[in-house]
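So the protein sequences, as listed, match chains A and B.
The first sequence: position 10 = 10 (my numbering), numbered continuously.
Just remember that my numbering sits 105 ahead of the position in the second sequence, which is counted from 1.
Because the hints were derived from the structure by calculation, they are not lab data.
C-beta atoms are modelled at their ideal positions from N, C-alpha and C, and glycine is treated no differently.
Any given hint might turn out to be false.
Claimed, not checked - Which stretches of chain B does chain A cover? Using the computed rule of at least three CB atoms under 8 Å from a CB of chain A, they are:
no. : region
1   : 191-204
2   : 427-436
Unchecked claim - Under the rule of at most 20 Å between Cα atoms (straight-line distance), these lysine to aspartate or glutamate pairs were calculated in the DMTMM-like manner:
no. : chain 1 : residue 1 : chain 2 : residue 2
3   : B       : LYS255    : B       : ASP300
4   : B       : LYS192    : A       : ASP3
5   : B       : LYS156    : B       : ASP344
6   : B       : LYS255    : B       : GLU329
7   : B       : LYS255    : B       : GLU330
8   : B       : LYS260    : B       : ASP235
9   : B       : LYS400    : B       : ASP383
10  : B       : LYS255    : A       : GLU68
11  : B       : LYS298    : B       : GLU424
12  : B       : LYS156    : B       : ASP143
13  : B       : LYS192    : B       : GLU210
14  : B       : LYS400    : B       : ASP362
15  : B       : LYS255    : A       : ASP95
16  : B       : LYS192    : A       : GLU11
17  : B       : LYS156    : B       : GLU135
18  : B       : LYS192    : B       : ASP146
19  : B       : LYS245    : B       : ASP182
20  : B       : LYS260    : A       : ASP46
21  : B       : LYS192    : A       : GLU64
22  : B       : LYS260    : A       : ASP95
23  : B       : LYS260    : B       : GLU208
Stated by the list, open to error - If you want a taste of the chain B side facing chain A, the calculated C-beta under 10 Å gives, among others:
no. : residue
24  : ARG115
25  : GLY218
26  : VAL219
27  : ARG309
28  : ILE310
29  : GLU314
30  : LEU315
31  : GLU316
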Amino acid sequence: MSDRYIARSTEIAARILGGEMMIMSAVDSTFFTLNEVATAVWQAADGRTPLSEIVVRAVCDQFEVDPEVARADVDAFVDELSRHGILLVSDRPFDNASSGPGEAA
Amino acid sequence: MSLIEEMNQRALELGVPLGVHLDVTYRCNERCVHCYLDHEDHGELTTSEIKDVLNQLADAGTFFLTLSGGEVLMRRDFFEILEHARKLQFNVRIKTNGVMIHEAEAQRMRALGVEQVQISVYSHRPAVHDAITKLPGSLKRSVDAIRFIKSQGLKVTIANVLMTANTGDHAGVQALARELGATYTLDPTITPKMDGDTSILNLRIPGAELESVFHNEALVGNVEEFCAPPPTPGDDVLDGYPCSAGHTAAYITPYGDVFPCVQFPLPSGNVRRQRFLDIWRNSPELNEVRSIHAKDLPVCSTCSHVGTCTRCPGLAYMEGSMRGPSTADCEKSFRRTGIPSANMLRKAGAHARVPLVQIQSLTL
Ligand code: SF4
Ligand code: SF4
């Protein structure tokens with residue numbers, strides 16, 4: 001699969017509580033909590049770093065997870081959050097890091 | 106337990122002020138007859154002071170931020186404040202009368218990712234609404250604002266405070282909310298003025314009217330369930346806390362004073378003199394509020410309603426003791442279930458020669 005880029009939507013609220021990220025979408029008021037691993041991916045979603053690199057740096061290196069398993073889990077997580085408009089996904093880097101879609105969106 | 110309840114529980118355990126209500130001004134362009142505020146500006150926090158407070162709240166873990174007033178848009182820097190709050194990724198709810206919201210303001214709120222806007226509507230009839238706000242044309246302007254905000258795809262809640270002047274209009278306001286696609290909430294609570302003046306309490310709707318509100322399916326849903334006699338309170342109830350005030354929630358005035366809640370004006374510190382987190386963690390007042398369990402309430406702990414009552418410790422405080430009963434909530438519990446509160450029985454006992462008119466009238 002060609003690489004993907006992920007950026008945090010501007011239409012969400014987010015805060016860490018006891019190590020877990022709480023996220024609420026302003027669009028449909030859906031409320032999520034992310035576990036530690038997902039929180040690390042979320043924080044790395046700067047719109048510029050390729051997802052494959054995020055998986056290595058934010059997940060495999062930090063949590064000792066097998067790269068293939070991690071990649072599959074992160075892909076599923078990214079798809080789920082993008083369905084709710086919480087993460088923006090593109091096959092090109094975003095213009096404005098973590099502040100929403102640029103031309104690529 | 107829902108996810109949000111779980112987060113609340115975790116915030117309680119970790120001592121995190123998850124929800125903060127910040128009034129950015131007490132100035133207002135309406136002069137509502139029931140308002141508890143002094144609208145003069147006595148030295149509001151500056152833009153940079155507010156931004157600094159918001160930074161501190163984000164660091165303290167606050168997630169839900171309510172921006173309110175007064176009228177928030179009386180501050181020319183309101184959108185600058187809002188923008189800063191959203192940069193810090195708060196979930197922002199705005200309370201406003203909507204009078205100054207047109208298409209451009211609604212668009213800006215949408216672009217900044219506001220979660221919802223609450224607008225006060227007192228009646229569907231302009232004459233009644235405008236007589237309460239004392240601003241001619243205000244109903245039309247508030248309704249126009251709701252339309253502008255809704256057309257941006259934002260959520261709107263219509264808050265309908267019920268008082269003597271608009272007692273019969275809740276059905277009309279509810280129909281208006283439906284037509285506008287807004288959520289409707291009804292609030293029969295009139296609170297004393299911040300300076301302790303209780304004269305506006307005579308605007309509270311009479312008990313019999315409260316009773317009919319509580320038995321109205323359109324307002325409360327399942328009446329049988331809502332008005333059911335309270336179950337015998339167990340240890341979990343008596344060991345529990347009254348509400349979120351001071352536990353996971355706090356209130357900050359436009360002058361930087363910190364209270365446990367907007368309806369609980371217990372001075373607990375000021376962000377101009379201390380860091381917010383210092384106040385939150387170390388204020389003796391907030392720690393006193395936190396130390397009170399239901400079993401420590403001398404009257405309420407003996408009351409059959411204690412587990413289901415909406416008892417507000419802030420209203421109790423304004424009545425004289427944060428450990429005491431809140432008469433307005435006694436009245437609500439009584440009108441809802443027909444069962445007198447411990448406070449009513451105590452007062453009746455203290456005035457034994459006075460017939461229990463209040464209580465007898467209810468069984469009619
Ligand atoms: S019960 Fe009163 S003090 Fe507690 S959160 Fe509600 S309004 Fe505030
Ligand atoms: S009904 Fe009155 S006495 Fe009973 S718990 Fe509520 S506030 Fe306290």
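Evaluation of the provided hints:
Counting residues of the region 191-204 of chain B whose CB lies closer than 8 Å to any CB of chain A gives 5, which reaches the minimum of 3, so the coverage claim holds. Coverage of the region 427-436 of chain B by chain A is violated [criterion: at least 3 residues with CB-CB distance below 8 Å; count 0]. Distance restraint check for LYS255/B and ASP300/B: the Cα-Cα separation of roughly 37 Å exceeds the 20 Å cut-off, and the hinted pair is therefore not satisfied. Proposed proximity of LYS192/B and ASP3/A is contradicted: the alpha carbons are some 28 Å apart, above 20 Å.
For a cut-off of 20 Å, the pair hint linking LYS156/B to ASP344/B is broken: about 38 Å separates their Cα positions. Distance hint between LYS255/B and GLU329/B is unfulfilled; the C-alpha atoms sit about 34 Å from each other, more than 20 Å. For the given pair, LYS255/B sits about 33 Å from GLU330/B by alpha-carbon distance, which is inconsistent with the 20 Å threshold. Between LYS260/B and ASP235/B the CA atoms are separated by roughly 24 Å; this puts the pair beyond 20 Å, and the hint is violated.
For the hint pairing LYS400/B with ASP383/B, the CA-to-CA distance comes to about 28 Å; that exceeds 20 Å, so the pair is violated. The suggested pairing of LYS255/B with GLU68/A is violated, with an alpha-carbon distance near 45 Å, which exceeds 20 Å. For the hint pairing LYS298/B with GLU424/B, the CA-to-CA distance comes to about 12 Å; that is within 20 Å, so the pair holds. The suggested pairing of LYS156/B with ASP143/B is violated, with an alpha-carbon distance near 24 Å, which exceeds 20 Å.
Between the alpha carbons of LYS192/B and GLU210/B the distance comes to roughly 18 Å, so the proposed pair stays at or under 20 Å and holds. Note on LYS400/B and ASP362/B: the hinted pairing is violated, with a Cα-Cα distance of about 30 Å set against a maximum of 20 Å. Among the hinted pairs, LYS255/B with ASP95/A is inconsistent with the structure: their alpha-carbon atoms are about 30 Å apart, more than 20 Å. Among the hinted pairs, LYS192/B with GLU11/A is consistent with the structure: their alpha-carbon atoms are about 10 Å apart, no more than 20 Å.
Taken as a hint, the LYS156/B and GLU135/B pair is broken in the structure, with Cα atoms around 26 Å apart against an allowance of 20 Å. With a CA separation close to 28 Å, the supplied pair LYS192/B and ASP146/B exceeds the 20 Å bound. For the hint linking LYS245/B to ASP182/B, the alpha-carbon distance of about 25 Å lies beyond 20 Å, and the restraint is violated. Our distance criterion of 20 Å between C-alpha atoms is broken by LYS260/B and ASP46/A, whose separation comes to about 29 Å.
Between the alpha carbons of LYS192/B and GLU64/A the distance comes to roughly 33 Å, so the proposed pair goes past 20 Å and is violated. Pair hint LYS260/B plus ASP95/A does not hold up; C-alpha atoms about 29 Å apart against a cutoff of 20 Å. Under the criterion of a C-alpha separation no larger than 20 Å, the hint pairing LYS260/B with GLU208/B is consistent with the structure, at around 15 Å. Below 10 Å, beta-carbon pairs count as interface contacts, and ARG115/B has one with chain A at about 5 Å; its hint therefore holds.
Because the beta carbon of GLY218/B sits about 4 Å from the nearest beta carbon in chain A, less than 10 Å, this interface hint is met. Interface hint status for VAL219/B: upheld, as the beta-carbon distance to the closest one in chain A is roughly 7 Å, under 10 Å. Interface hint status for ARG309/B: violated, as the beta-carbon distance to the closest one in chain A is roughly 32 Å, over 10 Å. At about 31 Å, the closest approach between the beta carbon of ILE310/B and any beta carbon in chain A exceeds 10 Å, and the interface hint on this residue is violated.
The closest approach between the C-beta of GLU314/B and any C-beta of chain A is roughly 33 Å, which is over the 10 Å cut-off, so the hint fails. At its closest, the beta carbon of LEU315/B sits 31 Å from a beta carbon of chain A; the interface hint therefore is violated under the 10 Å criterion. Taken as an interface hint, GLU316/B does not check out: its beta carbon lies about 33 Å from the nearest beta carbon of chain A, beyond 10 Å.
Checked against the numbered hints given earlier, this structure breaks hints 2, 3, 4, 5, 6, 7, 8, 9, 10, 12, 14, 15, 17, 18, 19, 20, 21, 22, 27, 28, 29, 30 and 31; the rest are met.
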